[in-house]
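Residue numbers (our numbering), protein chains in the order written: chain A, 641 to 1016; chain B, 641 to 1016.
To be clear, the hints were calculated from the coordinates, so they are not data collected in a lab. There could be a bad hint or two in this list.
[To be verified] Capping the alpha-carbon separation at 20 Å, the derived lysine to aspartate or glutamate pairs in DMTMM-like fashion look like this:
1) B/Lys911 with A/Glu654
2) A/Lys1013 with A/Asp707
3) A/Lys814 with A/Asp836
4) B/Lys966 with B/Glu811
5) A/Lys1009 with A/Glu991
6) A/Lys846 with A/Glu1008
7) A/Lys958 with B/Asp919
8) A/Lys958 with B/Asp909
9) A/Lys1013 with A/Glu790
10) B/Lys966 with B/Asp836
11) B/Lys725 with A/Asp909
12) A/Lys725 with B/Asp919
13) B/Lys846 with B/Asp872
14) A/Lys969 with A/Asp707
15) A/Lys851 with A/Asp867
16) A/Lys851 with A/Glu1008
17) B/Lys846 with B/Asp931
18) A/Lys702 with A/Glu654
19) B/Lys958 with A/Asp919
20) B/Lys663 with B/Glu991
21) B/Lys725 with A/Asp919
22) A/Lys730 with B/Asp909
23) A/Lys911 with B/Glu654
24) A/Lys958 with A/Glu806
25) B/Lys859 with B/Glu848
26) B/Lys730 with A/Asp909
27) B/Lys702 with B/Asp655
28) B/Lys958 with A/Asp836
29) A/Lys725 with B/Asp909
[As the list claims (entries may be wrong)] Stretch by stretch, here's where chain B covers chain A in the computed footprint (C-beta under 8 Å, at least three residues):
30) 689-696
31) 927-939
32) 950-962
[Said to hold, decoys possible] Listed below are several chain A residues computed to face chain B (Cβ distance under 10 Å; list not exhaustive):
33) Lys911
34) Thr914
35) Asp919
In this text, a Cβ means the ideal position worked out from N, Cα and C, and glycines have one as well.
Protein chains: 2
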Amino acid sequence: MTDKNIQLTSTISEDNKLTLALKNIEMPKPNADEVVIRIEAAPLNPSDLGVLFSAADMSTAKQSGTDENPVITADVPAQFMPSLKTRVGKATQVGNEGAGTVVAAGSSPPAAQALMGKTVAVIGGGTYRQFICANVQSCLELKEGTTAKEGASSFVNPLTALAMVETMRAEGHKAIIHAAAASNLGQMLNRICIADGVDLINIVRKPEQEKLLRDMGAKYIVNSSSDTFLADLTAAIIETGATIAFDPIGGGQLTSDILNCMEVAAARDIKEHTIYGSDTFKQVYIYGALDRGPITLNRNFGFAWAVSGFLLFNALGKLGTDTVMKMRKRVADEITTTFASNYTHEVSLAEVLHLQSIAAYSKQATGEKYLIKPQA
Amino acid sequence: MTDKNIQLTSTISEDNKLTLALKNIEMPKPNADEVVIRIEAAPLNPSDLGVLFSAADMSTAKQSGTDENPVITADVPAQFMPSLKTRVGKATQVGNEGAGTVVAAGSSPPAAQALMGKTVAVIGGGTYRQFICANVQSCLELKEGTTAKEGASSFVNPLTALAMVETMRAEGHKAIIHAAAASNLGQMLNRICIADGVDLINIVRKPEQEKLLRDMGAKYIVNSSSDTFLADLTAAIIETGATIAFDPIGGGQLTSDILNCMEVAAARDIKEHTIYGSDTFKQVYIYGALDRGPITLNRNFGFAWAVSGFLLFNALGKLGTDTVMKMRKRVADEITTTFASNYTHEVSLAEVLHLQSIAAYSKQATGEKYLIKPQA
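Bound-form chain A, shown alone (with noise of 0.2 Å):
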């Protein structure tokens, strides 16, 4: 074991410059309950690009350094810095999750030492770098023969799209509509609802999503670039009854379409019109701010609807230690399948902070899907 860790940080400094580096950094020791990490594979998920540039202006960033050792800089709009005061001049730990092997264990030996020298997923604690101490309870052990590069997502992703069926489950809902469908989440969602037999309507804005779910076996899918968008989406509600939904992107008029077409087929067997309309409760969840603009909301859908955020580790507390345990043990038993990740572009921890690099994974395009390999 080397004595080199070399971590990614993203610092705001009070001249509203961000500054992305890399770091040397002590190799960790672990307490009892801990194990270190050797990180062989780290997602670029769409929440790790918001602590990556934070408020930036990232058309504005540029690169100085070394190929081997870049700094990237870019300006942060001066509205901005009231609201990251707490950010400011600290060296900001990045990466939700990531997957390696077990280098060193704490004493306890059911717990740290029963995972010596196992691949592991770990969730937390910035993964964006070579070795991370983390307690056993943010790891999941990967069934022999699981890669890293396999269990790299084992969380966010996974538990994100078991927490919605769980969701809808637990709100008495009975089938789903999930907007920007053909994303890595998506792609998961429409696996886990075609094994558990739950009606998915998956929203996409290009026929080559289209075609991508249909040939994984999906049943609904709307296209929102669509002349008949409106009509199509209300007749797949109409077939699943669906009045749950989830939408990473929120700016727009996305979530205000849903809610109308979900209460012009509520409202279809009315006998008598209120105008109160339907009482059929109809519920939105925004899990991510794909469009960071305004969220539109068009009114036709009357008094029964809730619109609210939705993130994960406050969905898993609604749901209950239970249910969390099983939604685990079923990503580590399924995760070269239903919970199978595609990573198109695989990059070092140096590539990441390449402008050329930066400008293709900001775009958070769907179906592109970046990989850091921290150990290359």
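Fit chain B to the known structure of chain A by using the hints.
Showing chain B alone in chain A's frame:
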């Protein structure tokens, strides 16, 4: 007891016309659990205007007939007709509540007969008429000495205001924000909160509304027209810990402003910045549509939030029968104090259909309130 019974009706016809007219209807005969009430006073609530005018463009309204038997016609824009198909051709009754004297009672001794001759308030059924037949469960017996005018608004505003406080308690919040707070409903909510020791932040638009509420003992009043509105609201939220708001407006940015101020208040103690915002759950209930324009949410408030429709009957269903029975008893006990309504105009059924009255009451100006006297 006369045989004359006049009812106000609202009808939409297939040629995109709204017609408001008075009709002679039969004098009702009560079944065992029913009573016949001579309606002596009924309020014009915003929710009644929605039924009365439906989607008609009232700027096109014309009056015909006589002063005693007026007829109003107005155009319904073609785009709204599809959503109104269950209303077309039906003479829809109007009036959500009212009060008067029980002049006939069904055979059931304890339920119906016990109300004979009493002054009662009644919910539902189209109270803009002279004599109405109602199930005793829809009636609230008023205390001896309470007049029909005093009891006319015993349901919609009092129960909505009480449901807000009970919902705050049931959902674990500790203080309330109320928009359009100088309304009759807002004044009731202010009195309830003072009596119950609940902190209430009143949002108003005008200095005279600030004065009105201040004279009624309100402690927290912020003016949304002020340059310092956001700072004032944030300061009041910090002082009270309010994380739930009720807004009858909907359209525009107020809901968004409230959530953002709540988040600023919640985030001020956070040591470590996160892109997901604070853990503090923030709820805005929209209970009206004073502004039918789009609701615009400018998200700077993280992921722990919900914006939901709030409808009295759904809210009562969630709160449960025991709570609702206590609420009804409190309304009857305190109808001339906590739940007192203030009417600025009294009109006959015919006068409801005079163009100059329509022009006045359709403005829904805060502080203006119309009472209908069907026996006048």
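The hints, checked one at a time:
1. B/Lys911 with A/Glu654: holds (17 Å)
2. A/Lys1013 with A/Asp707: Distance ~16 Å between A/Lys1013 and A/Asp707 Cα, so the pair holds.
3. A/Lys814 with A/Asp836: Holds - the C-alpha atoms of A/Asp836 and A/Lys814 are around 12 Å apart, at most 20 Å.
4. B/Lys966 with B/Glu811: Between B/Lys966 and B/Glu811 the Cα gap is close to 18 Å, so the pair holds against 20 Å.
5. A/Lys1009 with A/Glu991: holds (15 Å)
6. A/Lys846 with A/Glu1008: holds (14 Å)
7. A/Lys958 with B/Asp919: holds (13 Å)
8. A/Lys958 with B/Asp909: violated (24 Å)
9. A/Lys1013 with A/Glu790: holds (12 Å)
10. B/Lys966 with B/Asp836: The given pair, whose Cα atoms are some 14 Å apart, holds under the 20 Å limit.
11. B/Lys725 with A/Asp909: Roughly 12 Å separates the two Cα atoms, so the pair holds.
12. A/Lys725 with B/Asp919: Judged against 20 Å, a Cα distance of about 18 Å means the pair holds.
13. B/Lys846 with B/Asp872: holds (15 Å)
14. A/Lys969 with A/Asp707: violated (41 Å)
15. A/Lys851 with A/Asp867: At roughly 18 Å apart (the allowed maximum being 20 Å), A/Asp867 and A/Lys851 satisfy the hint.
16. A/Lys851 with A/Glu1008: Holds. A/Lys851 to A/Glu1008 sits at ~16 Å (cutoff 20 Å).
17. B/Lys846 with B/Asp931: Roughly 17 Å between the alpha carbons, so the hint for B/Lys846 and B/Asp931 holds.
18. A/Lys702 with A/Glu654: With Cα atoms ~18 Å apart, A/Lys702 and A/Glu654 stay inside 20 Å; holds.
19. B/Lys958 with A/Asp919: holds (13 Å)
20. B/Lys663 with B/Glu991: Holds: B/Lys663 and B/Glu991 sit about 14 Å apart, inside 20 Å.
21. B/Lys725 with A/Asp919: holds (18 Å)
22. A/Lys730 with B/Asp909: holds (17 Å)
23. A/Lys911 with B/Glu654: holds (17 Å)
24. A/Lys958 with A/Glu806: Holds, at roughly 10 Å.
25. B/Lys859 with B/Glu848: Within the cut-off at roughly 15 Å; holds.
26. B/Lys730 with A/Asp909: Distance ~17 Å between B/Lys730 and A/Asp909 Cα, so the pair holds.
27. B/Lys702 with B/Asp655: Holds - the C-alpha atoms of B/Asp655 and B/Lys702 are around 16 Å apart, at most 20 Å.
28. B/Lys958 with A/Asp836: Violated, at about 30 Å.
29. A/Lys725 with B/Asp909: Holds, at about 12 Å.
30. 689-696: holds (count 3)
31. 927-939: Per the Cβ count (9), the hint holds.
32. 950-962: holds (count 3)
33. Lys911: holds (6 Å)
34. Thr914: The hint holds - A/Thr914 has a Cβ within 10 Å of chain B, the shortest such distance being about 8 Å.
35. Asp919: Where the cut-off is 10 Å and the nearest Cβ of chain B is about 8 Å from A/Asp919, the hint holds.
When each numbered hint is compared with the structure, violations occur for hints 8, 14, 28.
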